[in-house]
Structures are given as structure tokens and as C-alpha cells.
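Colleague: Using the sequences and the hints given, assemble the complete structure.
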Amino acid sequence: MTHLIVPRPIAWVLTRNENGSHNLAPFSYCNAVTSNPPIVSISIGRRDGEQKDTLRNLERERQAVIHLPSVEELDAVNQSSKPLPPEISEVEAQGLPLVQDDNPLPRLASSKAVLYASLYAVHEIGEGQQALVLCQVDRVFLSDELGVTEWDEKTDLPVEKLNPLARLGGTHFARLGETLSRPRPE
1 MTHLIVPRPI AWVLTRNENG SHNLAPFSYC NAVTSNPPIV SISIGRRDGE QKDTLRNLER
61 ERQAVIHLPS VEELDAVNQS SKPLPPEISE VEAQGLPLVQ DDNPLPRLAS SKAVLYASLY
121 AVHEIGEGQQ ALVLCQVDRV FLSDELGVTE WDEKTDLPVE KLNPLARLGG THFARLGETL
181 SRPRPE
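So the sequence shown is numbered by this note's numbering: it starts at 1 and just counts up by one.
Errors might be hidden in some of the hints.
[Stated by the list, open to error] If you anchor each label on the Cβ, the simulated ranges turn out as follows:
1) Pro86 with Asp144: 32 to 38 Å
2) Asp156 with Ile88: 39 to 45 Å
3) Gly20 with Arg175: 32 to 38 Å
4) Leu168 with Arg60: 46 to 52 Å
5) Arg184 with Lys82: 39 to 45 Å
6) His3 with Asn36: 31 to 37 Å
7) Ile88 with His3: 27 to 33 Å
8) Gly147 with Gln94: 26 to 32 Å
9) Glu150 with Arg175: 26 to 32 Å
10) Asp156 with Pro85: 38 to 44 Å
11) Thr149 with Gln129: 41 to 47 Å
[Stated by the list, open to error] Pairs of lysine to aspartate or glutamate, DMTMM-like flavour, derived with a Cα cap of 20 Å:
12) Lys154 with Asp144
13) Lys161 with Asp144
14) Lys82 with Glu72
15) Lys161 with Glu150
16) Lys52 with Glu18
17) Lys52 with Glu127
18) Lys161 with Asp75
19) Lys52 with Glu92
20) Lys52 with Asp101
21) Lys154 with Glu127
22) Lys161 with Glu178
23) Lys82 with Asp48
24) Lys82 with Glu50
25) Lys161 with Glu72
26) Lys52 with Glu87
27) Lys154 with Asp138
28) Lys82 with Glu92
29) Lys161 with Glu145
None of these hints come from the bench; they were simulated from the model. We put the beta carbon where it would ideally sit given N, CA and C, even for glycine.
Modeller: Shown next, in the form of C-alpha cells:
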């Protein structure tokens, strides 16, 4: 499926580790599920039968910050996929700057689009090999660089400025190419 269903958006998920540091991991099995309430899905596999830090942290803390990375963040996204022990922060290991605002968890300073989310539900799939995680979006942050002063789900975002990073199969990623528009038939 990883080579067939392409391109896929990437959820670059920040959670709080048990020791208070921050876990950061990319997931490309993710997407919007509903608009009302605003729910996104993330599929989290197991590594050697063990629950990944992101899922463990989400189930304990019930909060996450989901970054929608841009092409400029490719190397940091890729590096954050490296398995580290639970007590080691991928954020600190890469020296990624954080911004703390009025949310309990910080966001990455470099990200242009961020979803502050809370855990909605977890569904085990395939005898516990995969967890389908549903998160409710509580708040959206958009960088001033995008030029959007107010946002709701119908706001057109300047995707060329967002420059979203997408996942293909294997070691391949993609950037947005030409966009096409068609009015919906009435």
C-alpha cells in the first residue's frame, strides 16, 4: 500500500514523553476524517511488537501537536523517524526550536501549519499490529508567512506558500506540482 496510495500527507506529531521531554515522529498514514467535529486520523504501527512512543504518550497525556511539514522541513522530518529510546527527545537531538503559546504542548517554530489536537479514539487493527488513532482538532495555527488572517475550514490556503511535503513509497518524498481547478457541477 505504501507504494500504491501516493502521495500521502505527513502528520509530524509532537507528544510529551513520560520524563517531560518531547517526542517527535512523522506518520504518512494520516488524513482528515470529518469536519464537524474536526477529526484527523493517524495510523501508528508497532515496532518489534512494541507500542511506539507517540501512541503511548497520546494514550497517557491525551494531547498532541500535529505539524503539517513543508518541503523545507524534509531533512528534519526524515531524521525524526530514527528510532530513539523513549527518554530521548527527537526535538532536542536535532536542536529544533519550539514555541510555547497558550497550548499545553509547544509547537515547532519552523512549521507553517499546525493542528493542536486531543485524543478522540484509538482502534486496534489487525490483532494489535496497527492502531488507528483519531484526534480532534482543538485549534489551528497558521504562520503569518501564509498571509491568512482568519481561518475556517472553507478558507482557501495559498498552497504554494504552504509548500506541503508528501510521502511516496520507500525513501521517496514529493512536493506539490501544478494545481488544477474545476467548478463543481450543479
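Colleague: Output the numbers, in ascending order, of every earlier hint that fails for this structure.
Modeller: 4, 20 and 21
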